[in-house]
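Just need the whole structure built from these sequences, with the hints factored in.
My numbering numbers the first residue of the sequence shown as 1 and each following residue consecutively.
If you're looking for bench data, these hints aren't it; they were derived computationally from the structure. Check the hints yourself; a few may be wrong.
What the hints assert, rightly or not - Keeping only pairs whose Cα atoms sit at most 16 angstroms apart, straight-line, the calculated EDC-like set for lysine to aspartate or glutamate is:
{"no.": "1", "residue 1": "Lys348", "residue 2": "Asp69"}
{"no.": "2", "residue 1": "Lys7", "residue 2": "Asp60"}
{"no.": "3", "residue 1": "Lys93", "residue 2": "Asp47"}
{"no.": "4", "residue 1": "Lys175", "residue 2": "Asp257"}
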Amino acid sequence: MRIGIPKEILQGERRVALIPDSVAVLVNAGHEVFVQASAGQEAAHFDQAYLEKGATIVPDTESVYRSMDLILKVQAPMGNESLGQHEVDLMDKGTTLIASFQPLSNLGLVGKLVDQGITCFSMDSIPRIARAQKMDSLSSMSSLSGYKSVLIASNSLGKYFPMLMTAAATVPPAKGLILGAGVAGLQAIATARRLGAVVRAFDVRPDVKDQVESLGAVFIQVEDVMAEGEGTGGYAQELSEEHQRLEQEMIHQFVKDSDFVITTALIPGRPAPVLITQEMVDDMQPGSVIVDIAAETGGNCELTRPGEVVNSNGVLIHGPLNLPSSMPAQASHLFSRNVVALVQHLVKDGAFNFDFDDAITQGCCITHESQIVHGATQERIRQ
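The structure is reproduced here in structure tokens:
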């Protein structure tokens, strides 16, 4: 097969879909890999390294899309202003695309892929089952986000995370609160604990309690909420209004007593739930910090502005976007490994073999043969 690796054009995106070592895996399997010039440069993977692993470097965008069987991208296809064309329109009909684009929130793009006859697999729709762990880029990228969020908090807080005993005085440890104990939240807990902070964590799912406590954090809970919060596939689900009220009352008590708060709560295909209100922020001590990982889908804090840092009476509220891209080398390495695992799953004897009875293929294939085949996306369109 002919596989194209375009340079990402989303502003601020520094990752690349395939690193040189992964190119070698696909070339050794008999595929031809074409990489757009400087596609990996922001992630410290230069053209010469790709050439040494068997890739062909192509000089322009159009060449890396045309006449390809498979396109591998990090971000969703988008309009290319320099060419005056959408990236989907650069692909030949029948091309297969693997990228991350949250189809439930990007129905316009799904329609465009259908119109162009593109078979598309979305990396963020990989089912969270044991057999698919090697392909689970959502977990890989969430782990990076959780780690980086704590570094942002520590840099902004202006005080030590660990307890220190000095001749002048004993400095108490920073107190942190992690809202959401998925992959990002657990990594945030682990990172904050390694830096010496006292950490508490909240999640509506009861089965994460042991994981939180194993990392040295205190798990806080509202018992009535716990039973309702467990969704499918390891995700949380939306709570009733009454349960949200109980949850917010409890969170309020811990937020105002925390030096830093990391929020990670997401519901697939929905705006992020608001967990921290302006009233809660107003009760925090000046100098406290909130890092809202959910900023890209609206944010868990009422005052979050995506891509900005808000100062509310001395409380800094960070709304970072695309945190994995701030660690492009490591993020590209992990994403590339995930992508190659999916390609190996989909390709047999050098050609595509789409088994739609397979849970992985069925779970992450969004469009095929000019049809939407992803069940959740079909349901969202009918709503």
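The hints, checked one at a time:
This hinted pair checks out: Lys348 and Asp69 have alpha carbons roughly 14 angstroms apart, not beyond 16 angstroms. With a CA separation close to 9 angstroms, the supplied pair Lys7 and Asp60 stays within the 16 angstroms bound. For the suggested pair Lys93 and Asp47, the alpha carbons sit about 28 angstroms apart, so the restraint of at most 16 angstroms is broken. Under the criterion of a C-alpha separation no larger than 16 angstroms, the hint pairing Lys175 with Asp257 is consistent with the structure, at around 8 angstroms.
Figure legend: structure checked against the earlier numbered hints; the only hint not met is number 3.
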